[in-house]
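Asker: Use the sequences and the hints to build the structure in full.
The listed protein sequences derive, respectively, from chains A and B. Everything in the first sequence is counted per this note's numbering, starting at 13 for the first residue and increasing by one. Everything in the second sequence is counted per this note's numbering, starting at 13 for the first residue and increasing by one.
Calculated from the structure, these hints are not laboratory results. Accuracy of the hints is not assured; some may be wrong.
Since the list gives no way to pick one copy over another, a pair counts as held whenever it fits inside one copy or between any two copies.
Said to hold, decoys possible - Computed list of lysine-lysine pairs in DSS-like fashion (alpha-carbon distance at most 27 Å, straight line):
| hint | residue 1 | residue 2 |
| --- | --- | --- |
| 1 | Lys276 | Lys133 |
| 2 | Lys88 | Lys263 |
| 3 | Lys393 | Lys244 |
| 4 | Lys96 | Lys263 |
| 5 | Lys88 | Lys133 |
| 6 | Lys58 | Lys363 |
| 7 | Lys371 | Lys295 |
There are 2 protein chains.
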Amino acid sequence: MKSLRIAPFILLIAFGSFAQSPRPTPQLYSDKTLSELKQIQEAALKSDYAYSRTAYLTNNIGPRLSGSSQADQAVKYVADEMRKLGLEVRLQELRVPHWVRGAETGFLTSFPGMAPGTTQKIVLAALGGSVATPENGVEAELVVVQSFAELDALPNLAIEGKVVVFNYPFDRAMQESGFGLEAYGEAVQYRSRGAAAAARRGAIAVLVRSAGGSQNRSVHTGGVRYEADGKKIPAASVSAEDAELMAYLAKMGRTKIRLTLTPKSLPDAISYNVIADLKGSEKPDEVVIVSGHLDSWDLGTGALDDATGIAVSMQVAHLLKQLKLQPKRTIRMIAYMNEENGLVGGTEYAKEQADDIGKHFAAIESDLGASHPLGILFAGKPEAEPFFAPIREVLRFQGAGLFRIEGDVGADIGPLTQRGVPSFAPWFDMRTYFNYHHTAADTLDKVDPKELKELGSVMAVLAYGLANLEQPLPR
Amino acid sequence: MKSLRIAPFILLIAFGSFAQSPRPTPQLYSDKTLSELKQIQEAALKSDYAYSRTAYLTNNIGPRLSGSSQADQAVKYVADEMRKLGLEVRLQELRVPHWVRGAETGFLTSFPGMAPGTTQKIVLAALGGSVATPENGVEAELVVVQSFAELDALPNLAIEGKVVVFNYPFDRAMQESGFGLEAYGEAVQYRSRGAAAAARRGAIAVLVRSAGGSQNRSVHTGGVRYEADGKKIPAASVSAEDAELMAYLAKMGRTKIRLTLTPKSLPDAISYNVIADLKGSEKPDEVVIVSGHLDSWDLGTGALDDATGIAVSMQVAHLLKQLKLQPKRTIRMIAYMNEENGLVGGTEYAKEQADDIGKHFAAIESDLGASHPLGILFAGKPEAEPFFAPIREVLRFQGAGLFRIEGDVGADIGPLTQRGVPSFAPWFDMRTYFNYHHTAADTLDKVDPKELKELGSVMAVLAYGLANLEQPLPR
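Answerer: Have a look at this one:
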């Protein structure tokens, strides 16, 4: 009995290893594809391509706010680089907001204990889209609150004609535990909605504590959202330190600020999404998007947000050309314009493609930094999850958790996601991102070349895997 | 036999515990003093006095550079507070440098890849004492080196008429291992001596990478030292990020900067050391100094450097008054003026006291921040070390290592140390200090109230112990 019972087991091993029997389930990826994925990974982990493109975008071009000369230069640069690789490049014309930062100063002109003839300087930066103060500024008393609820609780008299300061602290402990995105979500409401809330109550300007974890008196900018029919008041972000200073002084006694912000909203500018296709060999009309956004806030040089996203998207094409691999579906690199203050690029692309949404097989956007990847965010049907197992197996040692979430995984591809396109985003160790995001410190040195290679590998393996998937994805 | 051998042992225990036999060595501290030291420690660990004085100096008064109205206000404030406690207060008049920061901007006006009509902004701050550029700035090519040796290796032609950038990186890894002071010592030479070295070779201005660990595009100021007979050229500090940017671009091709610095050196100002005595009961003419420096750099509000040192020195007197304890020797609180850019206060005090140096029993200065104390630096004779054992026993749970070093333990008390006065400084966990030191981010929030209490305890216990020591210290 003993020997008889062993025989089938041996047979089974033989079959598993050597037999060419038909597979019981439809194949997801060809053996060739699986082997190519490993080649791509290996090449990506050695490639300097994405880093040098990130360096060029940040150091040679610089900050790339929509409408700026640098944004134009970046469009030209990316299009040229993609043409050099032999891709089919087109520019999708857009009309984008053109907001330009001006002078911006804040000085406390009256506060308890003030030495004669002195001030305290408030480190600040206008929020994107903010209206200006008069050229010589405004001078008014501060009213400091921590939250919308605290503002609501104040009588009108305490707010009218004053400058409201929202001193809502970004939760550093949450960030250090990995929940930076959640901490940001809580704090950033004051940046986007604080001006409208303060204006409704009669404030003449608003200052918002930076939505980020820096302890280096650094200021986080970002967009302010006015109400369509509400009063627009000047809005600026202040460093955590300055918010604390104003809270301390205003609690102690009457504290006044002279605030000058002279940004300008110019007429909309013409700009472009850069769209570059690496045509598919078998299903060229089906598209897998790899993307990031080309515009960036103007304080830093937009390294983590989002030159790296652009660079690793460009690198997908570079790696495939280098390895002489042609994907079965078309891989489309999109450098979106105007993610930061309008989302015109993402919106207009989805509009243009309205009749061809079904041909968008998948979309990937990298816009959450470039630190060590922990896996992949996925917005799509749960039934699709098993389709990614072989890709994840390749990426296993790079941290390839798959995290299915409801909602969007990237702002620019959001309109596609909402129309049913399976959508993906690299997901990262987020413990430091919000120390730099939207600040002057979002610069090249924040990009670790090794970690960028890891991200490049995730991006390219995922993109090529999706482009060569033998089955349609449930959607 | 057995019982006989046990008997002397029991006798010994009885003697040790209960007998009032004369001690074999001279007593260092009376039992009363030892018990009072514990009282002082307990009270210090509960006291908010130092924190609220730190807050007032930083938030209500602000930056306190020598010659400023804020420095005057700080002198008045500390003197008033000490008088309120009943101390005998005098102001020692000084003539101090009066340097005032002006406009300061840097823009790269030409570099490889530059988008038409754009610049890259260089975040910078004039070094203390720097001369000015012409009002409209200077425009010149950059030459970037990492070290004095690299500059030496260049031909004159490569330097003459140019702006030299010293891109010597502060060693963050050293700082994170606890060797921040050593990392600083290496980097800060370029701040102090870079201008002289570059001027000698014909440079027209110098930019120095910040001597600190911040990764938030933050700039470290501090004094520049010109050579007495050398040419004085404008000198500024740039953030680590901007130094890296300039190094990257200059390596790639010709890179020019427009640099404008308009600081002013005004005539010397009259200012003061604040000297407040809590008279001793037994040896009032013997003095134990507790001190910090009242002036601070102008970018931040001088919290760690050195409002906390002043505040914990003030607190020694407050605690003793609160506990109704009078020291045997006089405890003298000194708030030194002008540590940062001249050391006039420390120098003049030692000069004034030249004939009474022998009456200075000991001097303590706190000027290395206010984080968790690790112990006490001691500059004095090795034979004195055993004298501190009982004090260290009281402080044991706060980290009371004694570290005897050659040289100074504090700049202001240095002239006393050099004349043989046993000198002390609280010593700290230095892993974050140089992220903030001399930057705009040296603000109140960097002071942990609990850690400041620990420092206050070390300061007060050490001061009272020294003031009540029953023996003279070897010196």
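Asker: Confirm or reject each hint.
Answerer: We went through each hint and held it up to the structure:
no.	hint	verdict
1	Lys276 - Lys133	both (23 Å within a copy, 19 Å between copies)
2	Lys88 - Lys263	between (52 Å within a copy, 23 Å between copies)
3	Lys393 - Lys244	neither (41 Å within a copy, 69 Å between copies)
4	Lys96 - Lys263	between (61 Å within a copy, 24 Å between copies)
5	Lys88 - Lys133	between (40 Å within a copy, 22 Å between copies)
6	Lys58 - Lys363	neither (38 Å within a copy, 65 Å between copies)
7	Lys371 - Lys295	within (10 Å within a copy, 93 Å between copies)
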